[in-house]
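Please take these sequences and the hints and turn them into a complete structure.
So the sequence shown is numbered by this note's numbering: it starts at 54 and just counts up by one.
None of these hints come from the bench; they were simulated from the model.
Each hint should be verified, as a subset may be incorrect.
Unchecked claim - Derived pair list, reagent style DSSO-like, types lysine-lysine, alpha-carbon separation capped at 30 angstroms:
id	residue 1	residue 2
1	Lys319	Lys260
2	Lys118	Lys219
3	Lys176	Lys267
4	Lys75	Lys260
5	Lys219	Lys102
6	Lys260	Lys219
7	Lys260	Lys102
8	Lys260	Lys118
9	Lys75	Lys118
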Amino acid sequence: MIVRLIAPSTETSEHYGLIGLKPISGFIGCEITGVDLSEVSMPVMAEIKDALSERLVLIFRNQNKLTRDGHINFARNFGDVLHLPHFPSLQNHPEIGLVHREASDKTSFFGEAFHCDSTFLRKPPTVIVMRGVELPPFGGDTAFSNLYVAYESLSERMRELIDGLKVVRSDGRIRSDPEAYEKIGSDEGYREAIHPLAVAHPVTGRKCLFLNPKLSVRFDGMTEEESAPLLNFLLQHLQFLPFTTRVRWEADTIVMWDNWAASHCKRGLEAAV
Numbered sequence: 054m055i056v057r058l059i060a061p062s063t064e065t066s067e068h069y070g071l072i073g074l075k076p077i078s079g080f081i082g083c084e085i086t087g088v089d090l091s092e093v094s095m096p097v098m099a100e101i102k103d104a105l106s107e108r109l110v111l112i113f114r115n116q117n118k119l120t121r122d123g124h125i126n127f128a129r130n131f132g133d134v135l136h137l138p139h140f141p142s143l144q145n146h147p148e149i150g151l152v153h154r155e156a157s158d159k160t161s162f163f164g165e166a167f168h169c170d171s172t173f174l175r176k177p178p179t180v181i182v183m184r185g186v187e188l189p190p191f192g193g194d195t196a197f198s199n200l201y202v203a204y205e206s207l208s209e210r211m212r213e214l215i216d217g218l219k220v221v222r223s224d225g226r227i228r229s230d231p232e233a234y235e236k237i238g239s240d241e242g243y244r245e246a247i248h249p250l251a252v253a254h255p256v257t258g259r260k261c262l263f264l265n266p267k268l269s270v271r272f273d274g275m276t277e278e279e280s281a282p283l284l285n286f287l288l289q290h291l292q293f294l295p296f297t298t299r300v301r302w303e304a305d306t307i308v309m310w311d312n313w314a315a316s317h318c319k320r321g322l323e324a325a326v
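Rendered as structure tokens:
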């Protein structure tokens, strides 16, 4: 595969005077230090928002003071908190979806391919805020890919083609696996939603690929068979290792990411080629 690489930004982060930033790869991901998310001032929040726009994935370690209500209040700084119908919720905290998997589980788990969350919804979430609670000593990493760079590295002719395409999305394919959705009772995902393949980000205005391979059924106006070759190519393209980073979870780690401009994979980079 030949990819037109774009050099990572070499700009300094001098405008971050209240938080510490430690990038974990060239294009995406950053550990944030010097921040207690249980008490965030407005100036600190402004820098966090800038860092999210710049790095797309932010990691906050050792956030043991953050309560469940505090988690929700922090997330509200980025918009209305969306209850995702396909996740069970925590008791007394319906805004918090629970991702739970036992060590003995042998079946596949949705999220094991690069994707953006809940693109079958009419208005998919723009930001995800996730907390690690009980974790194994190793394994279970999450990989992320920069969808701005994935789009911008394509040829001009390919970008012109993509700009004119829309994707029909539904989670009906995942629901055909009863084991994967055994504990989820919503019919929301059976509704089809149509979104552009390339979108202008609502905050930055920068274009990115907006692709969810398992939920992308076909291009609008085309058959599944006609759509498959380009969809498969783009899936492989966004997994190109220089576009990606990998986050290792620890207890009381908060990871937040831009759900429009960053694709993620819960199995880590083992899935990348």
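Going through the hints against the structure:
1. Lys319 - Lys260: 24 angstroms, holds
2. Lys118 - Lys219: 43 angstroms, violated
3. Lys176 - Lys267: 18 angstroms, holds
4. Lys75 - Lys260: 25 angstroms, holds
5. Lys219 - Lys102: 29 angstroms, holds
6. Lys260 - Lys219: Within the cut-off at roughly 14 angstroms; holds.
7. Lys260 - Lys102: At roughly 19 angstroms apart (the allowed maximum being 30 angstroms), lysine 102 and lysine 260 satisfy the hint.
8. Lys260 - Lys118: 37 angstroms, violated
9. Lys75 - Lys118: Holds - the C-alpha atoms of lysine 118 and lysine 75 are around 22 angstroms apart, at most 30 angstroms.
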